[in-house]
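Residue numbers (the numbering used here), protein chains in the order written: chain A, 25 to 524; chain B, 25 to 524.
Hint data in this document are derived by calculation from the structure and do not stem from the laboratory. The structure presented is a predicted model; accordingly, all values stated were derived computationally and were not measured. Where hints are given, some of them may not hold.
Since the list gives no way to pick out one identical chain from another, each pair is judged satisfied if it fits inside one copy or across any two copies.
Straight-line alpha carbon distances no greater than 25 Å define the calculated DMTMM-like cross-link-like pairs of lysine to aspartate or glutamate that follow [unchecked claim]:
no.	residue 1	residue 2
1	K231	D253
2	K397	D354
3	K146	E168
4	K142	D405
Number of protein chains: 2
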Amino acid sequence: MEAIDKLNAHLADVINLSRAAAVLSWDQQTYMPPGGAEARAEQLATLSKLAHEHFVSEETGRLLEAAEAAVQGMNGDSFEAALVRVVRHDYDLETKLPTSLVEAIARETTRAHEVWVKAREKDDYAAFAPTLERIFDLMRQKAEALGYQDRPYDALLDQFEPGMKTADVARLFDELRAELVPFVQQVFERLDAVDHAMLHLEYDVEKQAQFGLDVVKQLGYDFERGRQDKAVHPFTTNFSINDVRITTRYMPNYLPSALFSSVHEAGHALYEQGSDQSLEKTMLAGGTSLGVHESQSRLWENLVGRGRPFWQYFYPKLQQLFPEQLGGVDLEAFYRAINFVSRSLIRVEADEVTYNLHIMLRFEMENDLLEGKLAFKDAPDAWNAKMEQYLGITPPTDREGILQDVHWSAGLVGYFPTYALGTLLSVQYWDKALADVPEIPSEIARGNFAPLLGWLRENIHRHGRKYWPAELTLRVTGEPIQTRSFMRYLREKYSEIYGL
Amino acid sequence: MEAIDKLNAHLADVINLSRAAAVLSWDQQTYMPPGGAEARAEQLATLSKLAHEHFVSEETGRLLEAAEAAVQGMNGDSFEAALVRVVRHDYDLETKLPTSLVEAIARETTRAHEVWVKAREKDDYAAFAPTLERIFDLMRQKAEALGYQDRPYDALLDQFEPGMKTADVARLFDELRAELVPFVQQVFERLDAVDHAMLHLEYDVEKQAQFGLDVVKQLGYDFERGRQDKAVHPFTTNFSINDVRITTRYMPNYLPSALFSSVHEAGHALYEQGSDQSLEKTMLAGGTSLGVHESQSRLWENLVGRGRPFWQYFYPKLQQLFPEQLGGVDLEAFYRAINFVSRSLIRVEADEVTYNLHIMLRFEMENDLLEGKLAFKDAPDAWNAKMEQYLGITPPTDREGILQDVHWSAGLVGYFPTYALGTLLSVQYWDKALADVPEIPSEIARGNFAPLLGWLRENIHRHGRKYWPAELTLRVTGEPIQTRSFMRYLREKYSEIYGL
Chain A
25 MEAIDKLNAH LADVINLSRA AAVLSWDQQT YMPPGGAEAR AEQLATLSKL AHEHFVSEET
85 GRLLEAAEAA VQGMNGDSFE AALVRVVRHD YDLETKLPTS LVEAIARETT RAHEVWVKAR
145 EKDDYAAFAP TLERIFDLMR QKAEALGYQD RPYDALLDQF EPGMKTADVA RLFDELRAEL
205 VPFVQQVFER LDAVDHAMLH LEYDVEKQAQ FGLDVVKQLG YDFERGRQDK AVHPFTTNFS
265 INDVRITTRY MPNYLPSALF SSVHEAGHAL YEQGSDQSLE KTMLAGGTSL GVHESQSRLW
325 ENLVGRGRPF WQYFYPKLQQ LFPEQLGGVD LEAFYRAINF VSRSLIRVEA DEVTYNLHIM
385 LRFEMENDLL EGKLAFKDAP DAWNAKMEQY LGITPPTDRE GILQDVHWSA GLVGYFPTYA
445 LGTLLSVQYW DKALADVPEI PSEIARGNFA PLLGWLRENI HRHGRKYWPA ELTLRVTGEP
505 IQTRSFMRYL REKYSEIYGL
Chain B
25 MEAIDKLNAH LADVINLSRA AAVLSWDQQT YMPPGGAEAR AEQLATLSKL AHEHFVSEET
85 GRLLEAAEAA VQGMNGDSFE AALVRVVRHD YDLETKLPTS LVEAIARETT RAHEVWVKAR
145 EKDDYAAFAP TLERIFDLMR QKAEALGYQD RPYDALLDQF EPGMKTADVA RLFDELRAEL
205 VPFVQQVFER LDAVDHAMLH LEYDVEKQAQ FGLDVVKQLG YDFERGRQDK AVHPFTTNFS
265 INDVRITTRY MPNYLPSALF SSVHEAGHAL YEQGSDQSLE KTMLAGGTSL GVHESQSRLW
325 ENLVGRGRPF WQYFYPKLQQ LFPEQLGGVD LEAFYRAINF VSRSLIRVEA DEVTYNLHIM
385 LRFEMENDLL EGKLAFKDAP DAWNAKMEQY LGITPPTDRE GILQDVHWSA GLVGYFPTYA
445 LGTLLSVQYW DKALADVPEI PSEIARGNFA PLLGWLRENI HRHGRKYWPA ELTLRVTGEP
505 IQTRSFMRYL REKYSEIYGL
């Protein structure tokens, strides 16, 4: 179809510029010497600017309209119709924002990062508050420019989770909160029931690295089309369906860190590597939303990597590698240990059980700040009150409270919910996979991850961005995103572990 | 000066796109998984295309003319006048070539690479000859498009060595040949005088790597503004004055390979790292020509790295690292070994003494092929006859003869002479440095390379591309490029080593 070919050909430069920028970012976070930082920022700025200019050009608009006309009446399931939908979505996102606003956000967030780093260091929220207020003001302007029907947050959320509405998230979180808060309290009363001291012994980093590589290879991560390197903050990136890279970091005194971070990133990477090859040179390659992406990383990290079958296979190997530390720890004790729950104040250190409460808090605060229902000066108190209400703990400092995350200073408002949505989806997809292929757990216990990966490839990965998240979930599971499966999973797993 | 600022601001995108492309190439040659190759080629093609389009735009022409008008009557030594000169040179190079020719060369060389690889593998020159003929035909068209006064080769040479003429190279090579050919024969009669068997023992690659890193650090290569990685074909690249990277490769059974390759690349890198910081965002950053670049790599590799003072300092450390292999070899024996001369058929394996003869042969053949004085079917015979004439050896196969180098298949005609020019210049600069700072050798013997590096920085590196090579050499040494210094150096050094 000529109109589609022309659109793809025109967008090839945008894709290549974005992928080139991703290579530069990867290098920046893995190998770049300190001296390269200043020039790298300029190189990235040039690539972003050119990609943006090329994408928002009138030529794109013209070709897009022609492609839309050409797919009129076509099956909405077709590659062509999906491509046009996705390009229209991204095009509107980028063209609706006035350049002056884009520049103001870029300027403010660059500045804000420094301010936030210092404020967190000094535990000085007051020093950050005016900056935070300016950023939320810009976010409100952004929401107005993007447009929304119901609440301003809808516009922001849609950048990361296309089609998802604030009201839907609020409803899901209301359901979750009602069940999760009392359940967390129950677990908290029994924290002593799980011993995890053995995880905090000294573990040789080289051996950790070798074990982690063996694990992700066995999961199905393709090292012919990817690689793993070290980075301060682990991430996954890709420059092609066939070049998807993961990173990890090693802690000599905490075994789970590198391992689960590797498995988490491999989960993202398997999704990217799994796009159908026919999507390679198009904007349909890659994950359909941050939420669905997170469902893949969490499925592999939590449902697989923190599950019994996984360790039935891998634990003897791990014991062999670390006989001093784990020789006297049996599988059940190890399984309980890697699933220990704690009263953490810090989101990135939170376990499966408490994690979503950290997200709800942020979602509620983002909406309140955006809609002017909460004053910026009162935000730390609101944060702390919610922590007390949801988790029964109050941060002793703002550093361990409202100042802990980088997201707001980076202008990422509307992003947090995708973590929780991914958690919910991970269990829904997992349940469906097991319903379709009941031998998945027993195969995992034999070290065979192919049945699971095959199911994910067929049902989720290969589609790339062809379906928006809600449609994908409906097609895959037969129902919309819900909290029931996740809560059932938590109750079953943790009631057993904590003897509730 | 506003006209200069505007020109620099406009060219910033070109510089950033080129530097981004260099990052992608570095990654391609160091870490990229095999799967990434196809997409990487497309990313690089987009970056090159955009850099070219931006550079040859009418806007560049307009800003360049305004800048030329603004520097009229200014001191030619000024930053501004130099910048305008360099941009004009590069702009003319890129704009004089019709797009159709650029595309034809890109197409033909992409194809030619495959053809050459197979032809070399099968030792089948006949399979390569038609491709070689087409490439030389395109090179002739290129020379016509670029323009020249005397010989077509002038235009090609000028791309790599601005200002240098074919007649000058021919004159230098005539002088050199007259002295070098008989000298090589003298050395060849005494090859047994040097034992280098100990270099071919097994040397642990990890230890080689550590030693090489220590060496280049001590030379003054700044790891805050660079790094060393492994690559199949060692190279140096840079993405800024402050991010200049080197690569090397390790051979477990040949000690000199990695070490001298590291020192060679560090020589290139020290030149790039040494550009004055004020040149960073301009087209004046970097080396002024391939010849001058090669003078730096060879000065460090040969004059320093294969010299006695260097090993007076480093040899005890190397012995300590490899006591089994080198414990019984004294400094003098090691010094002679690393300077052994051989009857090599292969340019990249050639020693200091014979190297330039390999270059002369190529220079003469390039001119003859370009000017139609030699038929492509007769080229292998011509090659072999010259090998016999210059080195007294005849390649038994074309694979070890005319098919050995990648350059012609890549459209790099006019490039080879820069290796020899760099060799000549390296000795001229070295002599001048020692005349100015006589303690350089004794400081090197103490492991102090700062006096040499300081001299190079002050006289050569900091200028970047401010002076064309001929002017730079005249300013630095007080005379033009010549063969006298190099021949004197060779005679002194090798007469002693081979007892002539």
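Hint check results:
no., hint, verdict
1, K231 to D253, "both (15 Å within a copy, 23 Å between copies)"
2, K397 to D354, "neither (52 Å within a copy, 82 Å between copies)"
3, K146 to E168, "neither (34 Å within a copy, 67 Å between copies)"
4, K142 to D405, "within (20 Å within a copy, 72 Å between copies)"
Violation of the numbered hints given earlier is confined to hints 2 and 3; the remaining hints are satisfied by the structure.
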